[in-house]
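Here's the letter readout for the chains.
Protein chains: 2
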Amino acid sequence: MKQSMMLIPTLREVPAEAEAASHQLLLRSGFIRQVAAGIYTYLPLGWRVMEKIKRIIRQEMNAIGAHELHMPAMQPTELWKLSGRYEVYEAELIRFEDRHKREFALGPTHEEVITALIGEEVSSYRELPLVLYQIQTKYRDESRPRYGLLRGREFLMKDAYSFHMDQEGLDHTFTSMYHAYHSIFKRCGLQFRAVEADSGAIGGDGETFEFMALAEIGEDTIVSCDQCGYAANMERAESREGKGVYGQVKEGDHCLKCEGSLTIIRGIELGHIFKLGTKYTEAMQINLLTNEGTQQHPIMGCYGIGISRLLAAIIEQNHDQQGIVWPAHVAPADVHLITVSMQDQVQLDLSEQLYRQLTESGVEVLWDNRMERPGVKFNDADLIGIPIRLIVGKQAEQGRIEYRERLSQDTILMTLDEIVERVTNNYSV
Amino acid sequence: MKQSMMLIPTLREVPAEAEAASHQLLLRSGFIRQVAAGIYTYLPLGWRVMEKIKRIIRQEMNAIGAHELHMPAMQPTELWKLSGRYEVYEAELIRFEDRHKREFALGPTHEEVITALIGEEVSSYRELPLVLYQIQTKYRDESRPRYGLLRGREFLMKDAYSFHMDQEGLDHTFTSMYHAYHSIFKRCGLQFRAVEADSGAIGGDGETFEFMALAEIGEDTIVSCDQCGYAANMERAESREGKGVYGQVKEGDHCLKCEGSLTIIRGIELGHIFKLGTKYTEAMQINLLTNEGTQQHPIMGCYGIGISRLLAAIIEQNHDQQGIVWPAHVAPADVHLITVSMQDQVQLDLSEQLYRQLTESGVEVLWDNRMERPGVKFNDADLIGIPIRLIVGKQAEQGRIEYRERLSQDTILMTLDEIVERVTNNYSV
Numbered sequence: 001m002k003q004s005m006m007l008i009p010t011l012r013e014v015p016a017e018a019e020a021a022s023h024q025l026l027l028r029s030g031f032i033r034q035v036a037a038g039i040y041t042y043l044p045l046g047w048r049v050m051e052k053i054k055r056i057i058r059q060e061m062n063a064i065g066a067h068e069l070h071m072p073a074m075q076p077t078e079l080w081k082l083s084g085r086y087e088v089y090e091a092e093l094i095r096f097e098d099r100h101k102r103e104f105a106l107g108p109t110h111e112e113v114i115t116a117l118i119g120e121e122v123s124s125y126r127e128l129p130l131v132l133y134q135i136q137t138k139y140r141d142e143s144r145p146r147y148g149l150l151r152g153r154e155f156l157m158k159d160a161y162s163f164h165m166d167q168e169g170l171d172h173t174f175t176s177m178y179h180a181y182h183s184i185f186k187r188c189g190l191q192f193r194a195v196e197a198d199s200g201a202i203g204g205d206g207e208t209f210e211f212m213a214l215a216e217i218g219e220d221t222i223v224s225c226d227q228c229g230y231a232a233n234m235e236r237a238e239s240r241e242g243k244g245v246y247g248q249v250k251e252g253d254h255c256l257k258c259e260g261s262l263t264i265i266r267g268i269e270l271g272h273i274f275k276l277g278t279k280y281t282e283a284m285q286i287n288l289l290t291n292e293g294t295q296q297h298p299i300m301g302c303y304g305i306g307i308s309r310l311l312a313a314i315i316e317q318n319h320d321q322q323g324i325v326w327p328a329h330v331a332p333a334d335v336h337l338i339t340v341s342m343q344d345q346v347q348l349d350l351s352e353q354l355y356r357q358l359t360e361s362g363v364e365v366l367w368d369n370r371m372e373r374p375g376v377k378f379n380d381a382d383l384i385g386i387p388i389r390l391i392v393g394k395q396a397e398q399g400r401i402e403y404r405e406r407l408s409q410d411t412i413l414m415t416l417d418e419i420v421e422r423v424t425n426n427y428s429v
Numbered sequence: 001m002k003q004s005m006m007l008i009p010t011l012r013e014v015p016a017e018a019e020a021a022s023h024q025l026l027l028r029s030g031f032i033r034q035v036a037a038g039i040y041t042y043l044p045l046g047w048r049v050m051e052k053i054k055r056i057i058r059q060e061m062n063a064i065g066a067h068e069l070h071m072p073a074m075q076p077t078e079l080w081k082l083s084g085r086y087e088v089y090e091a092e093l094i095r096f097e098d099r100h101k102r103e104f105a106l107g108p109t110h111e112e113v114i115t116a117l118i119g120e121e122v123s124s125y126r127e128l129p130l131v132l133y134q135i136q137t138k139y140r141d142e143s144r145p146r147y148g149l150l151r152g153r154e155f156l157m158k159d160a161y162s163f164h165m166d167q168e169g170l171d172h173t174f175t176s177m178y179h180a181y182h183s184i185f186k187r188c189g190l191q192f193r194a195v196e197a198d199s200g201a202i203g204g205d206g207e208t209f210e211f212m213a214l215a216e217i218g219e220d221t222i223v224s225c226d227q228c229g230y231a232a233n234m235e236r237a238e239s240r241e242g243k244g245v246y247g248q249v250k251e252g253d254h255c256l257k258c259e260g261s262l263t264i265i266r267g268i269e270l271g272h273i274f275k276l277g278t279k280y281t282e283a284m285q286i287n288l289l290t291n292e293g294t295q296q297h298p299i300m301g302c303y304g305i306g307i308s309r310l311l312a313a314i315i316e317q318n319h320d321q322q323g324i325v326w327p328a329h330v331a332p333a334d335v336h337l338i339t340v341s342m343q344d345q346v347q348l349d350l351s352e353q354l355y356r357q358l359t360e361s362g363v364e365v366l367w368d369n370r371m372e373r374p375g376v377k378f379n380d381a382d383l384i385g386i387p388i389r390l391i392v393g394k395q396a397e398q399g400r401i402e403y404r405e406r407l408s409q410d411t412i413l414m415t416l417d418e419i420v421e422r423v424t425n426n427y428s429v
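Chain order of the listed sequences is G and U.
Positions 1 to 429 (our numbering) are the ones given, in order, by the first sequence.
Positions 1 to 429 (our numbering) are the ones given, in order, by the second sequence.
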């Protein structure tokens, strides 16, 4: 990728409208731009990161036997009236009529659509279990969209749904999802906790976990035990001093499960796994044949990840004064190649050779081949935050290239062959 | 992929609501289901084909230096009033107000959003040309959605936009797109023609081509010369007998450009490339600095492909009485492995070995491991239309597997090693 041909509109100043570090850096590094409150365009570098995250999620979902499908955003509101959620969602649910005066909603989630699908297409226990997921655009008309991608009105989600005839089947998939979520967030380079939680508007009385990225900007409050690993969302948290009443926990209270003391930390909700039970299949009157010849409502689980928000959470945890510091697996490119002076033929030739060799080895290279001053290039590279930077400057005459990691900022002088060997060992496909 | 764990609800009967062959087969093979008129869920096999098509499009777009971005579906209608298209679109443009009474539209295309973006982020000729594309869900409230994915209300499109300071730059990108479109449709296994066309509601007075899949069900009429390669949409077609007036051509009329005679055929519009000129940049008052220090409206091209419709067009051209016959590059899997009797331990063992070896070699295998009668499995396989079928049946005792191609239906008995060698030579990654 040649930077001269890309739209990467970096900003020197911190935009006044952005409070959160991730929002500031997404704007400053030219990753996103706002179209309306809570509604964004992902520019090429931002979209590359989204694609990396999507690939990780797909790999982990496929590995546990989930199959991808794709449901529409436009949903007839009849389905929402059937499930009982039409009233629950109020102004957050975007509604409109089509040209024939039929009412539609833009889906914030897809429990209704998928439950109706299963009701139509599945008739017997023999066809279950089924685990289905999609990566799809969601809509929620937030009263106060804010913090950039952390709370938007149009955003990308992975939502998965599972259908089972028995609790054991649901428990099995729920556990698989729990572990898959750990893998996903770990591969995305996140510090996170899985916490016990309330089920909220999605409903169901069963077990639920929220996956929280630890971050001061987070809108959620997490209670965490320093000894036994107990962690819960504040609404769901208990302590000895709180006398077992949910939500009455203070910093330093004692854990109900061990001798430890409790800490209160802030988190960004990345994902959520629910045991929904029969809430939807009962409301929508879905019955399947059991192996005893009777009829039964299948039981459901649902499993979401906010992908746009995940992208922002990665930045909240991975940045410094100069800009973003991408974890390797989700960086918009593996290597940022910077040619200090494009007018210098030696530098240009060496850069071209390096660009070609790395690209042919499967390494993703962003080449800053712009006619800009070195200071501008270095500042942009710090902002953009690609893990490895290769600088072709005056040392090119001696066949030397600067190798620098974004995180450490240490510089090593290396030959082209040494660099190609080092980088391809890490990044080749 | 094990078929027992997937949602592939095949239908024996032709659904009464489906007229077009592609619509019938997409429903019968369990690839899509309707949620509302013109609005569909892509089931796992259907979505796999969509992903294959998307990958081909991305490769061809990236190869000509286009960069992927992602714009929102929700667009403030102020932008549409600026461009003058707010009135043009009438009832087809889905409009609604958010909770703060601000009006939005669900984008049928993105000229307004991207032109506004370029106006905000680009200031000088030095930053052009830019070629940007997205693969994104579009909305058009058709008065008569029909033929399944051929004319839907929510559908997937690739839309690309290019920005230039001079006509030569636009011409260059337009030509690159013209060739990239040929590659895309060819790799998708389509018979198509590029035809001269009118520019319609998108606007602009410049050159435009439509890419038409040849198919009887097509809603467009194409005039084509049997000798010189001249081809045009009927509204844009001329003949000697029609005295050079657009649209007055009859079968057998004579070509204006050579001695040939004209044929009238039907086509499905797959894609469209336009030279838009300054229609949008002028209306939206976008000015960039030229290399002479003056200001100028950049000139634009736009380039669309209807991906959902493309999927349907492939089926219109590639099916027989029994079902779909997928071209190799867009098939939902490379191989359909069918175990005739899952209770037969020899068949089961040989199937498992074959499944594992092929999968490990990078071949995509759909394994029909269901407890179903052989007739059901064979009929479903014909419907689903995966190019190569491997049948593990009674001959398994002699270590033999039936190898059959969907197109020819010829059967060859082969050993496991022979099959693995043959298939991996064609399909390994």
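In short, the hints are calculated from the structure, not lab data.
Hints should not be assumed to be uniformly reliable.
[To be verified] With a straight-line Cα cutoff of 27 Å, these simulated DSS-like cross-link-like pairs (lysine-lysine) come out: (1) Lys-54/G / Lys-377/U; (2) Lys-101/G / Lys-394/U; (3) Lys-377/U / Lys-394/U; (4) Lys-257/G / Lys-243/G; (5) Lys-101/U / Lys-81/G; (6) Lys-377/U / Lys-101/G; (7) Lys-257/U / Lys-243/U; (8) Lys-54/G / Lys-54/U; (9) Lys-101/G / Lys-81/G; (10) Lys-2/U / Lys-243/U; (11) Lys-377/G / Lys-2/G; (12) Lys-54/G / Lys-257/G; (13) Lys-2/G / Lys-101/U.
Now the hints, each set against the structure:
| no. | hint | result |
| --- | --- | --- |
| 1 | Lys-54/G / Lys-377/U | violated, 33 Å |
| 2 | Lys-101/G / Lys-394/U | violated, 58 Å |
| 3 | Lys-377/U / Lys-394/U | holds, 15 Å |
| 4 | Lys-257/G / Lys-243/G | holds, 13 Å |
| 5 | Lys-101/U / Lys-81/G | holds, 24 Å |
| 6 | Lys-377/U / Lys-101/G | violated, 43 Å |
| 7 | Lys-257/U / Lys-243/U | holds, 13 Å |
| 8 | Lys-54/G / Lys-54/U | holds, 15 Å |
| 9 | Lys-101/G / Lys-81/G | holds, 17 Å |
| 10 | Lys-2/U / Lys-243/U | violated, 62 Å |
| 11 | Lys-377/G / Lys-2/G | holds, 13 Å |
| 12 | Lys-54/G / Lys-257/G | violated, 37 Å |
| 13 | Lys-2/G / Lys-101/U | violated, 43 Å |
The structure shown violates the earlier hints numbered 1, 2, 6, 10, 12, 13.
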